[in-house]
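A.B. asks: These are the residues of each chain, in order.
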Amino acid sequence: MEPNQAASDQTGPGSAETRSHFKVTRFIMEAGVKLGLHSIPVATACTIYHSFFTATVAPGPYDPYLVAMAALYLAGKVEEQHLRTRDIINVSHRYLHPKSDPLELDSHFWELRDSIVQCELLMLRVLGFRVSFRHPHKYLLHYLLSLRRWMNRHSWERIPVSAAAWALLRDSYHGGLCVRYPPQHVAVAVLDLALHCYGVEVPVHAQAQKPWWQVFSEDLSKAQIDQIVLDLIQIYTLDAEIS
Amino acid sequence: MGEALCVNALKPGSCCCCSERKGSQRSQSTQSVEVESVMELPDLRRVPHPMDSLQSQWFQTLQLQKSGRKRLRSNSDPSQEMDFVKRFQWQRQGLPFGTASSYLNLEKLCEGSYSTVYKGISRINGHLVALKVISLETEEGVPFTAIREASLLKSLKHANIVLLHDIIQTKDTLTLVFEYMHTDLAQYMAQHPGGLHGHNVMLFMFQLLRGLAYIHQHHILHRDLKPQNLLISCLGELKLADFGLARAKSIPSQTYSSEVVTLWYRPPDVLLGATDYSSDLDIWGAGCILVEMLQGQPVFPAVTGTLEQLEKIWAVLGVPTEDTWPGLSKLPNYKPERVVSSRPQRLRMICARLGRVPGAEDLALKMLKAFPRERVSAQDALVHNFFSALPSRLHQLCDAQSLFTVPGVRLQPEICDLFAPYQKGHRQASSSKFW
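So the protein sequences, as listed, match chains A and B.
Once you know that position 190 of the first sequence is 190 in our numbering, the rest is easy, because the numbers rise by one and skip nothing.
Once you know that position 192 of the second sequence is 1192 in our numbering, the rest is easy, because the numbers rise by one and skip nothing.
These aren't lab readings, by the way, just hints derived from the structure by calculation.
C-beta: ideal position from N, C-alpha, C; glycine also.
Check the hints yourself; a few may be wrong.
One side only, chain A facing chain B, incomplete, derived with CB under 7 Å [to be verified]: (1) 35; (2) 77; (3) 117; (4) 120; (5) 125; (6) 129; (7) 130; (8) 132.
Not close to chain B: a few residues of chain A, all C-beta gaps over 10 Å, as computed [what the hints assert, rightly or not]: (9) 23; (10) 201; (11) 230.
Among the chain A residues that face chain B by a calculated CB cut under 8 Å, a handful are [what the hints assert, rightly or not]: (12) 78; (13) 82; (14) 91; (15) 131; (16) 200.
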């Protein structure tokens, strides 16, 4: 998988490609919400999208929005929340051309549908059918539950650490973190950042023999967390630039 | 393979389907040469017949040979393979994984809901394979069962899970290439009516539980356990197959679709509409299979539907109450007035042989608990004293190692084979569903 790493080096933060992926993954998330997708299928769709562009050499001849639509369709199948292609097309059309009329059911429409199906095949092939992913969500859930018992109950209720962590995790899919880092590490990093945002300290952290995150993920170092947090912050920088 | 795929994918024009026709023509001419070299069938060497007429004849020969030379088929003779490599180097060149021309279709084995399974042979290494050909509809794309089966099996490598060798995409079909297995448990039981040898039940059950423990450890449920989905090699290796309905179990709060398991092997909680099932779902199915292997008959064979299925289960386990099963009354299909209360029979009354094999009844009862959370886990079931007669080394095997690598572990002949061995050979050659 060396070519992948080379590809991610070329696409530094703020490059045109990263910006484009940012916009398209935002499209995936918004379309996912309009299609009534749960958060796991949306996360899968984004992961499929990022993996596809990590596995192909830029600039490919692929329309990112078509890839995004196929990723949504594929994620629906993988996560057992099936979507109809025509719903995806209608929602995407509305998103991309908000002022125009709904699409007619003409040959153009059927061509669009066939291209989604063809693109799905291509993606399966590029990804070697590796489309079952482990997302950070379930790890984050467990980490939050164990942390809640550890923390002071009143301050936990007052400070929205868990809401912030979930929001950070959702936003992380704007970038390729899901492809670059193991899910456990991403879960720890968003939790760490959320705690930092509110200035919350894990009780007796200073006296403990090892930092709290090592309880959750043994092979994780402070430097790795910092790297993931840096990537997260870059997503927000990009967000400020674009909008 | 991933890189080869990427390269192909980057050149949209150069799909493997383009070379398919040419490949199959070439295969016609090389077919006889290659296969005879692998299988060592010298009588075919000078036969120039077209292969179509030969195929059936050919495989009966192969079946007969197999009983005498098991190692040939289990593809584990390196010296012979090296010889083959040397002699047919030219064939191997340019025969990558992932293209249809690397495999020859031999005969149709069975037709599933979304696929047709063929017996085939790999031109890359001469192994027999099962080719699951899935036709792609342009409207729906790749069936989700195929996507899930392929993506889950890619991450599973275990001696008791069927091995996915390769995936081939052509313009309108998708082919999953599996290792070839000689038969399945349903056929094996049909060939040996009246219940299997207690020792063999133990070996099959141990392997089934070993496979289940492995997939459950990887957070995957099979969801469709039945004898038809348990493949058996001629040595007696048992492998879980048909992961079309399997899923990676993720967040426990997520509900799964309710229609999953074949009715006979479906646990009562799912019959009552529960969707929060977990690994206990597969344990119930495995428990049913244990009793069926001993008795030779399915344990809860309802024919009319869910209600009868539940009645058959309550007749053995007794009607559950909120005391024995917390949360029972909240299940969607729970209707207490419909249930006829009766005194439970003992499981032994239904399955007489259960009492004669030490530990069998206890294990069956531990697996067939109505309350899902009381069911034994696959990992715990493996150390049940039902298996105490097996060598303890079996517990230290690594994932990829087969039970039959341990000295002394082998299948006992079934009773009916002892009385009529010729009949068994005859049946094997004529039965059609191999894969």
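A.B. asks: Now tell me, hint by hint, if it's right for this structure.
C.D. replies: Consistency of the hints with the structure:
Hint status for residue 35(A): violated, given a least beta-carbon distance of 16 Å to chain B, over 7 Å. Among the interface hints, the one on residue 77(A) holds; its C-beta lies about 4 Å from the nearest C-beta in chain B, closer than the 7 Å criterion. Because the beta carbon of residue 117(A) sits about 4 Å from the nearest beta carbon in chain B, less than 7 Å, this interface hint is met. Given hint, residue 120(A) at the interface with chain B, holds; its Cβ is 5 Å from that chain's nearest Cβ, closer than 7 Å.
Checking residue 125(A) against chain B: minimum C-beta separation of about 5 Å stays under 7 Å; hint holds. Using the Cβ-Cβ criterion of 7 Å, the hint placing residue 129(A) at the interface with chain B is satisfied: the shortest such distance is roughly 4 Å. Checking residue 130(A) against chain B: minimum C-beta separation of about 6 Å stays under 7 Å; hint holds. The interface hint given for residue 132(A) is met, as the beta carbon of that residue sits about 4 Å from the closest beta carbon of chain B, less than 7 Å.
With a least CB separation of 24 Å from chain B, residue 23(A) remains clear of the 10 Å interface cut-off, as annotated. Remark: the non-interface label on residue 201(A) is consistent with the geometry, its nearest Cβ contact in chain B lying 29 Å away (cut-off 10 Å). The Cβ of residue 230(A) sits about 28 Å from the closest Cβ of chain B, beyond the 10 Å cut-off, so the non-interface label holds. Because the beta carbon of residue 78(A) sits about 6 Å from the nearest beta carbon in chain B, less than 8 Å, this interface hint is met.
Given hint, residue 82(A) at the interface with chain B, holds; its Cβ is 7 Å from that chain's nearest Cβ, closer than 8 Å. Interface restraint check: residue 91(A) against chain B, minimum CB-CB distance 18 Å, threshold 8 Å, status violated. Annotation: residue 131(A) was flagged as interfacial toward chain B, and the flag holds, the nearest CB pair being 5 Å apart, inside 8 Å. The interface hint given for residue 200(A) is violated, since its Cβ lies 25 Å from the closest Cβ of chain B, which is over the 8 Å cut-off.
When the structure is compared with the earlier hints, violations turn up for hints 1, 14 and 16 and for no others.
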